[in-house]
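Student: Sequence:
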Amino acid sequence: MSGTTFDFDQSVAAAWARFAARLAEVLSMMDDTEPLTLVPHEADDDRWYVRFVSPKPDRVTAIVPANWQPEYTWAQAKCLERLGWRRLGPATDYERTINQGDCLGLADDVVEVLRQVFTVDHPVFLGSDVLAEVLQESPIDEDDALADTSLDVVMPADEVHLTALVTTELARTFGSLVMRDGDGSFAVRVGSTMLFIRIPSDCREVRLSSVVVHDISGRSRAAEVLNDVNAHARWVKFYLERDKIIATLPVAARPFVPAHFRLAVEEMSRVVDGVDDLLAASLEGKVTFSDGA
Numbered sequence: 035m036s037g038t039t040f041d042f043d044q045s046v047a048a049a050w051a052r053f054a055a056r057l058a059e060v061l062s063m064m065d066d067t068e069p070l071t072l073v074p075h076e077a078d079d080d081r082w083y084v085r086f087v088s089p090k091p092d093r094v095t096a097i098v099p100a101n102w103q104p105e106y107t108w109a110q111a112k113c114l115e116r117l118g119w120r121r122l123g124p125a126t127d128y129e130r131t132i133n134q135g136d137c138l139g140l141a142d143d144v145v146e147v148l149r150q151v152f153t154v155d156h157p158v159f160l161g162s163d164v165l166a167e168v169l170q171e172s173p174i175d176e177d178d179a180l181a182d183t184s185l186d187v188v189m190p191a192d193e194v195h196l197t198a199l200v201t202t203e204l205a206r207t208f209g210s211l212v213m214r215d216g217d218g219s220f221a222v223r224v225g226s227t228m229l230f231i232r233i234p235s236d237c238r239e240v241r242l243s244s245v246v247v248h249d250i251s252g253r254s255r256a257a258e259v260l261n262d263v264n265a266h267a268r269w270v271k272f273y274l275e276r277d278k279i280i281a282t283l284p285v286a287a288r289p290f291v292p293a294h295f296r297l298a299v300e301e302m303s304r305v306v307d308g309v310d311d312l313l314a315a316s317l318e319g320k321v322t323f324s325d326g327a
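Using the working numbering, read the sequence shown as starting at 35 and increasing by one per residue.
Just so you know, these hints were derived from the structure itself, not from any lab. One or more hints might be untrue.
Claimed, not checked - Cut-off 20 Å, straight-line C-alpha distance, at most; resulting in silico cross-link-like pairs (SDA-like, lysine to any residue): (1) Lys90 with Ala100; (2) Lys278 with Glu239; (3) Lys278 with Lys112; (4) Lys271 with Val285; (5) Lys320 with His248; (6) Lys320 with Ser251; (7) Lys320 with Gln44; (8) Lys271 with Glu300; (9) Lys90 with His156; (10) Lys112 with Arg93; (11) Lys112 with Thr131; (12) Lys320 with Thr202; (13) Lys320 with Arg238; (14) Lys271 with Gly308; (15) Lys90 with Thr71; (16) Lys320 with Gly135; (17) Lys278 with Asp236; (18) Lys112 with Glu68; (19) Lys278 with Asp262; (20) Lys320 with His156; (21) Lys320 with Val263; (22) Lys271 with Arg255; (23) Lys320 with Arg304; (24) Lys278 with Arg238.
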């Protein structure tokens with residue numbers, strides 16, 4: 035993970051791909067004993083869900099409610115139909131049944147429904163009624179969470195050790211809402227933006243970053259605004275990458291000081307969630323999560 039650039043869109047796409055793979059694995063082992071239902075993590079809109087049942091051996095049925103919002107837009111309905119969901123009658127939900135061996139294709143299509151129909155931005159915002167531990171990325175290991183908690187300053191032995199230390203501190207701050215990628219990166223929502231925590235292989239630092247604003251208009255105007263912002267920012271620095279404004283904050287990790295890391299996370303979260311709406315309005319851009327998302 036060398037370099038300083040961070041591709042937000044690529045990271046989100048990779049997170050969805052990993053989620054689809056895990057979902058397919060779960061569905062391939064389903065039986066008729068218990069359904070699996072995906073819902074919003076914060077349950078602020080309990081009208082939508084994606085439910086999976088296995089009514090017959092070697093068969094899986096996926097269901098989405100027909101009365102969401104309470105009606106789908108034309109584009110949403112067409113998306114469901116294109117992906118194979120059908121209503122058996124005017125009072126029935128959308129359903130799709132497959133052979134259990136085709137679960138990966140179904141999982142990919144479910145991801146598209148989650149993103150295009152229900153506008154779920156990232157798998158971190160999904161919950162499930164059962165099998166949640168399977169669908170969550172890299173749950174926090176209790177042994178890792180207890181490692182070195184009595185020490186104020188720790189010299190990481192390697193990338194694995196530093197990842198465990200970072201995991202411990204993020205668990206204390208955000209709990210189970212933190213997702214971990216296979217390469218040791220973490221992602222968590224803070225207000226209307228996403229905070230990413232990345233660990234370089236040399237373990238010299240922990241990199242905090244956030245895509246604060248998307249789809250801005252006018253790079254020249256953005257450069258002027260960011261010059262002013264950076265002149266007043268104490269630790270967090272902002273830069274322009276194509277049509278995005280990205281904030282970064284490196285934290286020294288040799289040695290790793292948990293109190294310093296927690297302070298950096300708090301400062302980064304406060305700053306990016308505090309300025310993203312202002313920057314988006316000033317530069318005619320978009321924040322990651324609008325009100326009500």
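Student: Which earlier hints can't be squared with this structure?
Tutor: 1, 2, 3, 9, 10, 12, 13, 16, 17, 18 and 24
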